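Trainee: Sequence:
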Amino acid sequence: MLPTGTAEVIDDHEYPATTEELIEDCGDRTLELPNGSETVGDVLARLESETFESADDAQLAVYSAMSNKAVGRVGYSDRDPTPVGSPYSPDAVSF
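First residue of the sequence shown: 13, per our numbering; consecutive thereafter.
Just so you know, the hints here were simulated from the structure itself, not pulled from any lab data. Among the clues, some could well be false.
[What the hints assert, rightly or not] Derived CB-CB ranges, DEER-like:
1) E65 x S98: 34 to 42 angstroms
2) G17 x T63: 41 to 49 angstroms
3) Y27 x P93: 38 to 46 angstroms
4) P99 x E20: 38 to 46 angstroms
5) E20 x K81: 21 to 29 angstroms
6) S79 x A19: 18 to 26 angstroms
7) G97 x E20: 40 to 48 angstroms
8) F107 x E44: 40 to 48 angstroms
9) A19 x N47: 14 to 22 angstroms
From a predicted model like this one, the values you see are computed outputs, not experimental measurements. Where a beta carbon is used, it is the ideal one built from N, C-alpha and C, also for glycine.
Whenever a hint applies, use it, and build me the whole structure from the sequences.
Mentor: Now the structure itself:
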């Protein structure tokens with residue numbers, strides 16, 4: 013969930029809205045992430061220019077474009093085995 017102030021600014025923006033309009037309106041908002049922080053402007057700048065039809069669309073775009081600073085442990089999964097050839101695979105053990 014986006015910080016309250018940021019979510020409210022995105023919610024209150026008039027839609028449809030372009031990526032550039034959102035960057036201008038709320039690009040200076042800081043997102044505190046598990047491994048640092050980044051601004052909404054930095055996040056949205058990673059996307060191609062598009063037009064968002066609703067606040068939900070804009071918020072989903074922000075979530076999808078966050079850097080790996082938003083990931084607790086990059087490459088970690090407690091549900092699936094590590095894929096063969098993954099750079100996160102543990103070293104092979106020989107018996």
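Trainee: Which of the stated hints cannot be reconciled with the structure, identified by number in ascending sequence?
Mentor: 2
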